[in-house]
Structures are given as structure tokens and as C-alpha cells.
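Peer 1: Okay, here's what each chain looks like letter by letter:
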Amino acid sequence: MMTNRFHVVLTEKALPLDRPSFASDGATGAAVDFYGVVRGREEAGPIAALDYEAYLAMAQRSLEKIVEKLGQEHGAVAVRVTHRTGTVPVGEPSLHVHVETPHRGEAFKLAEAIISAIKRDVPIWKKARA
Amino acid sequence: MNVTLLAFAQARELLGFQERAISVGAEATPASILQELCPEAKTIIATGRVAIDLEYGEWSQGLREGQTVAFIPPVSGG
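So the sequences go chain by chain: G and H.
Counting in our numbering, the first sequence runs from 7 upward without gaps.
Counting in our numbering, the second sequence runs from 322 upward without gaps.
None of these hints come from the bench; they were simulated from the model.
Be careful, since some hints might not be right.
Said to hold, decoys possible - List time: in silico SDA-like cross-link candidates among lysine to any residue, alpha-carbon distance up to 25 Å:
id : chain 1 : residue 1 : chain 2 : residue 2
1  : G       : Lys133    : H       : Gly337
2  : G       : Lys19     : H       : Gly399
3  : G       : Lys71     : H       : Trp380
4  : H       : Lys363    : G       : Asp127
5  : G       : Lys133    : H       : Ile366
Unchecked claim - Coverage of chain H stretches by chain G, computed from C-beta distances (three or more under 8 Å per stretch; other residues unrestricted):
id : stretch
6  : 322-330
7  : 355-364
All residues carry an ideal CB built from backbone N, CA and C; glycine is no exception.
Work out the full structure: start from the sequences and follow the hints.
Peer 2: Right under this line is the structure:
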């Protein structure tokens, strides 16, 4: 069960690039926003897009567990993770990680830890589209 | 017993299906089921993971009636 401080979304829609918003209770002293963006080139050559496939039910549960566990461990004020599925064109983000903590050191560490855990454990796959 | 199989990404391409309901013996494990279905089972087992009812499990673990077994190739999200 996610608390309202922690939020996970899997979506086929383009990720919003809104102005960031912060928790209003005064606990946030640092926020890090990370975007994973589709590069125009993979090892085999230039690409037009990446097709993301997910085992949606497990990916949602896995993301929630990662965010809850790492968010608690790092004393997060808020965490929001959004991962796009389906076709993501070059130049558009496939992943957004937003973390808020009281101080900046933990914010950077937490964002990195969440991204590493996603790449290790969340059942999502990408395939290049030429 | 009856179990549901799910296959994703390269595992789906090798197996030729995304979802299949099958009936297996009481001693069946994810590894034994895969070996029955696919000549490339060893590759999938060596490089991938298995999930049982939405949690990562072991290739050699026993199964229960009605469980969902998902073949999970190396993930590449982010």
C-alpha cells in the first residue's frame, strides 16, 4: 500500500513536463528531478524510437515496493515515479523520478538508488525501432 | 494442476506466445515446464528470472494450482 507521499504511475501517454511542485508542509529542503530520455542512437545505429513493453501488474507492484522501501530508508518527504510504456520517440522522456528530502545529499542518493533498482528489478523491456 | 504462463520480450519471441493456460503434473517446476515447451529453455533460465504470482521466485520451486508463472528476460526499463 502506497502512502500519499509516494506515488507510482505507468502510462502510455507522454510524460508531463510541468513546473515541479513540492510538498507544502515545509519538510522539503531539496528536490531532484531525473528524466531518462530516448537517445537517437543505440549500439546498432540510429533509431527513431524505443518500444517499451511491461508486465504491468508486476511492474506497478515492483515500483511501489522500490519507492516505499527506498523512500523510507532515505527519509524522503515525497517520491513520484512515472514510467512510460509503448512507443517513445527520440528526444522524449521514458522515465521521470521526482524525489524530495530535507537535504540535498539524500535527494541525489535516493534518486540514483531508485533508478538503479528500476533498471535491475522492474519487469519493463525496451526494443529499438529504426 | 492448472497454471497460467506469461512470457515477455525475448522469452515471448522464443516461446511464441504471451499467455497460455496449461495443465501440468504435481511435481512441475517453472524450469521443467519451460524445458517441455522450448528448446532454448536453458538460455532463458541462464539469463532470465521467473516470477510466480507477481513475485520473483526460483526456477526449481514447486507450484500450486492456479498460480501464474511469468518468464522474465533481463529487464531494460528506465
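Peer 1: Lysine 363/H and aspartate 127/G: Cα distance at most 25 Å?
Peer 2: Holds - the C-alpha atoms of aspartate 127/G and lysine 363/H are around 21 Å apart, at most 25 Å.
Peer 1: Given the proposed pairing of lysine 71/G with tryptophan 380/H, does the C-alpha separation stay at or below 25 Å?
Peer 2: Holds, because 22 Å separates the two Cα atoms, which is no more than 25 Å.
Peer 1: Between the alpha carbons of lysine 19/G and glycine 399/H, is the straight-line distance 25 Å or under?
Peer 2: Within the cut-off at roughly 16 Å; holds.
Peer 1: Would you mind confirming whether the straight-line C-alpha gap from lysine 133/G to isoleucine 366/H stays at or under 25 Å?
Peer 2: Judged against 25 Å, a Cα distance of about 21 Å means the pair holds.
Peer 1: How does the stretch 322-330 of chain H fare against chain G when you require at least three residues with a CB closer than 8 Å, holds or violated?
Peer 2: holds (count 3)
Peer 1: Count the residues of the stretch 355-364 of chain H with a beta-carbon closer than 8 Å to any beta-carbon of chain G: does the count reach three?
Peer 2: Not satisfied, violated; 0 residues make the cut.
Peer 1: Checking one constraint from the list: CA of lysine 133/G to CA of glycine 337/H, max 25 Å. Satisfied?
Peer 2: With Cα atoms ~17 Å apart, lysine 133/G and glycine 337/H stay inside 25 Å; holds.
The earlier numbered hint that this structure contradicts is number 7, and it is the only one.
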